[in-house]
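**Student:** Dock chain to chain to rebuild the complex, using the hints, since each chain is given by itself in its own frame.
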Amino acid sequence: MAHITLRNVRKHFGRKHVLNGIDLEVGKGRSLVVIGGSGTGKSVMLKCILGILQPDSGEILVGGENVVGLKGTARDEYLARFGMLFQGSALFDSLTVWENVAFGLIQGRGLARSTAKDTAIEKLAQVGLTSDVGNLYPAELSGGMQKRVALARAIAADPEIIFFDEPTTGLDPIMADVINNLIVDCVKRLGATTISITHDMASARKIADDIAMIYKGEIIWRGEANKVNSSGNAHVDQFIHGRAEGPIQMDVLKL
Amino acid sequence: MNPLALLGRIVLDFLAETGRIALFARDGLIQGLAPRYYVSQFLLQFWRIGYTSLPVVALTSFFTGGALALQIYQGSSAVTASTLVPNIVVLGICRELGPVLAGLMVSGRVGAAVAAELGTMRVTEQIDALVTLSTNPFKYLVGPRILASIISLPLLVAIGDTIGVFGGYVVGTRSLNLNAFAYINNTVDFLQTSDVISGLIKAAVFGFIIALMGCYHGFHSKGGAQGVGRATTNAVVSSAILILAANFLLTTLLFGN
Numbered sequence: 001m002a003h004i005t006l007r008n009v010r011k012h013f014g015r016k017h018v019l020n021g022i023d024l025e026v027g028k029g030r031s032l033v034v035i036g037g038s039g040t041g042k043s044v045m046l047k048c049i050l051g052i053l054q055p056d057s058g059e060i061l062v063g064g065e066n067v068v069g070l071k072g073t074a075r076d077e078y079l080a081r082f083g084m085l086f087q088g089s090a091l092f093d094s095l096t097v098w099e100n101v102a103f104g105l106i107q108g109r110g111l112a113r114s115t116a117k118d119t120a121i122e123k124l125a126q127v128g129l130t131s132d133v134g135n136l137y138p139a140e141l142s143g144g145m146q147k148r149v150a151l152a153r154a155i156a157a158d159p160e161i162i163f164f165d166e167p168t169t170g171l172d173p174i175m176a177d178v179i180n181n182l183i184v185d186c187v188k189r190l191g192a193t194t195i196s197i198t199h200d201m202a203s204a205r206k207i208a209d210d211i212a213m214i215y216k217g218e219i220i221w222r223g224e225a226n227k228v229n230s231s232g233n234a235h236v237d238q239f240i241h242g243r244a245e246g247p248i249q250m251d252v253l254k255l
Numbered sequence: 001m002n003p004l005a006l007l008g009r010i011v012l013d014f015l016a017e018t019g020r021i022a023l024f025a026r027d028g029l030i031q032g033l034a035p036r037y038y039v040s041q042f043l044l045q046f047w048r049i050g051y052t053s054l055p056v057v058a059l060t061s062f063f064t065g066g067a068l069a070l071q072i073y074q075g076s077s078a079v080t081a082s083t084l085v086p087n088i089v090v091l092g093i094c095r096e097l098g099p100v101l102a103g104l105m106v107s108g109r110v111g112a113a114v115a116a117e118l119g120t121m122r123v124t125e126q127i128d129a130l131v132t133l134s135t136n137p138f139k140y141l142v143g144p145r146i147l148a149s150i151i152s153l154p155l156l157v158a159i160g161d162t163i164g165v166f167g168g169y170v171v172g173t174r175s176l177n178l179n180a181f182a183y184i185n186n187t188v189d190f191l192q193t194s195d196v197i198s199g200l201i202k203a204a205v206f207g208f209i210i211a212l213m214g215c216y217h218g219f220h221s222k223g224g225a226q227g228v229g230r231a232t233t234n235a236v237v238s239s240a241i242l243i244l245a246a247n248f249l250l251t252t253l254l255f256g257n
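Those sequence lines, one after another, are chains B and F. Be aware that the first sequence starts at 1, since it is given in the working numbering, and climbs by one per residue. Be aware that the second sequence starts at 1, since it is given in the working numbering, and climbs by one per residue.
By construction, these hints were calculated from the structure, which means they are not laboratory data. In this text, all values refer to a predicted model and were calculated from it rather than measured experimentally. Incorrect hints may have been included.
Sample of chain B residues lacking proximity to chain F, with all beta carbon distances greater than 10 Å (derived) [claimed, not checked]:
id, residue
1, T5
2, R10
3, K117
4, K216
Chain F regions said to be covered by chain B (calculated; three or more residues, Cβ under 8 Å) [as the list claims (entries may be wrong)]:
id, stretch
5, 135-141
6, 197-203
Computed beta-carbon distance windows for the label pairs [to be verified]:
id, chain 1, residue 1, chain 2, residue 2, range
7, F, L244, B, G37, 43 to 51 Å
8, F, V11, B, K28, 32 to 40 Å
9, F, L6, B, D56, 44 to 52 Å
10, F, F248, B, G69, 40 to 48 Å
For glycine and all other residues, C-beta sits at the position ideal for the given N, C-alpha and C.
Here chain F stands alone, though its shape is the one from the complex (with noise of 0.2 Å):
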């Protein structure tokens, strides 16, 4: 084939590719978040994204934070450790890291599961069923697990961020020698609000990316046991990507000037 072609190609199953999920979620987020609510299901993945990923986010947390202090003391002289090992944790675990990794690894656990199941709901046509049962897929499936996503994981990165500053702190006072009471007294110094809130925004944007990645992948997926395998692949693979990219246009945004 013409290099040009196959180029051509390319870009316009991209860009196909994008309007589809533009489409999708503008049909998520206005069908999926109206009424009618199902409560029940809202609650069950609540508890399947949130509480579930907990331990996996928490133990993430904790040794990234760790690691951080070990890494910082490498590069601090012995006069500016015990302040710079606290600062550059509680920053780089609020701003960055603690969104970030918390999002990478939810997307692993929670965006391939999604898509699992939809893309079984779909290729077994449960989810054709459901249309004729005079239910909306968009209000019962997709809906629910976009709001409870988008909910879940600032939750999970306030406690995430709390987890793996307190790794660090654990290195730096255990392992490092730093001093506790001091190490304890730069970091909520040295931490402002806007640090922990734009956090906690970046980790809604990504709740929603893998709530929305795992749903459309889902929901196109066919044929058969392959097709759902792709779908998971797709949703995990896609939805780390723009996870990382978002994190890089959020931070430009907010710590931008």
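The shape of chain B in the complex, shown without the other chains (with noise of 0.2 Å):
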């Protein structure tokens, strides 16, 4: 059984239709990377699986449950299953590195501060980074060691579910390589279910078992990583080349 379900999503924001009905399953211990250009709803359909937005309709299906607009300790419970990468880090720049991958621990799920503190030093140390950078602040970071950190924070609590909202953005290739192959070894040492949302084709390849192509709020095409290359569809080999020109148009004045 799938261990994510999305059947018939639909978001609309004022009268920008955004999820157009998307249909999605990902297995238990999977990785899926969704690819797709911007503003083709990757990130909204990550946030409404989180619930940090309802979708208009349609389900979704963690472990065979209906989580859409779950409440109360049911929504902590429910979030306390997930670990998130988001595309700036977004790491609390108030607190050390440590407390950043600590926190989860510590205030979610109460951890006395001493034990937290070695659980995110270990952390840590699985990303490559040693104990002396957990007393830094996140400014005092490049963007490649807080993406780093990022991580650690999210697979800090050991979560079945992970998501990575563009892993490699903004980083060289080298670092965005770095960061390829600590996502694959981390996923696979904690054995979690995981989506990806990307437009780095050499980041997709490398971490994804299942590859899906999100267009105007749809799944056009979804199948195994190494079929992306003879998917036959248009729309799909325009993407992965990096072609301007096809059937996906962009909304570019023409001169």
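**Tutor:** Next up, the structure:
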């Protein structure tokens, strides 16, 4: 049975229809990468699954249970199963690095600070950061290091599901590959189910078991990662080869 | 555009915003002030909102008390000045000027800081990150700020009232040559407990308004640096206007008969 299932999920903001009936399934322990251009509804989809945004209609099932509109402790327990790596890292700048990593353990799960600190240091080591980095503030770190700290924070509570929102955006190609490797390692170690959204094809090929392409708020293709080159879908071909010409037309002013 | 349509749009936008603020206030109170409590967050905010606002409120009150004494002296005769100056200074400070000026000063300091901080947290997705780390932002961010502000403002105003009266006393006795002993006697005799209490009730309401507007505009800021700037301005302007409006309403309620 699929771990995460979306059925006909729709969401609009004002007159703009962002999700036009998303259907998607992710198997337990699988890594799905959702590719698609900017503004095609990738982030909105993740936020709907997390309940940060409420879908207008449709079903979202996690572990077979409908999770749309959860409230109170049910919602808290539901969210405790997730970890998320945000696009801009979203580290709390008023807290030190280790406090960031331990945040979910201390505030969310009520662990003692000393225990949580040990776990945080251990998770920082998993992403290749030494314990003395733990006492710095996020603003003192480079973008790549911030990403690593954010990854450590996302995996700190050993979540069963992890979301990666453009994990390599804004990094140089080498650091991007380091992050990709860390993601693959961490996910394997945890056995977590993951959904990543990206428009970086190198990253997608590296971390995906399955790839799905979203276009105008719909999933227009999905398949195993190694089949993406022979998808037979003109939209997918255009996207993975990064061509300006093709069925996907950008709203660019023609001179 | 048709002017009637424009008017309609403005009215609808205003009502929608009022509704959103009311819903936010409900969430802030119900979720924010119910367990679980983040004591360290509350203490931090209490220190930031209350303690660090003390110099600003103290200076404002002192100079207002002094200026008030000068003006009242101008308007009274040599015979009545010795009673009118202390009486009106203490009444004006405790009932109106103390809470209103403290409210306005704190809204400029704290309301702006809260809106900028939460606004930055919003646009950098830190508020969403809180949610994914099993932490309710209303309990972690909004609740402690509202509570700290509601408690801080009356304390600030109590101190500000004292300093304001002292400002009047200093000007009255040093520059207007009023008798120091009589000044204090007139102040104490004339002042009633209800005058102070009513001012402190106002202060608590203003504290709620400041924290609510700061949190609301911060939470709903969007679009990067410009959005955060706009949120900060909106927080200060809206809380200042609401403080003055609420002051009028509370004066009517508390002293109406």
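**Student:** To test your reading of the hints: which numbers does this structure violate?
**Tutor:** Hint check: 6, 8, 9 fail, others pass.
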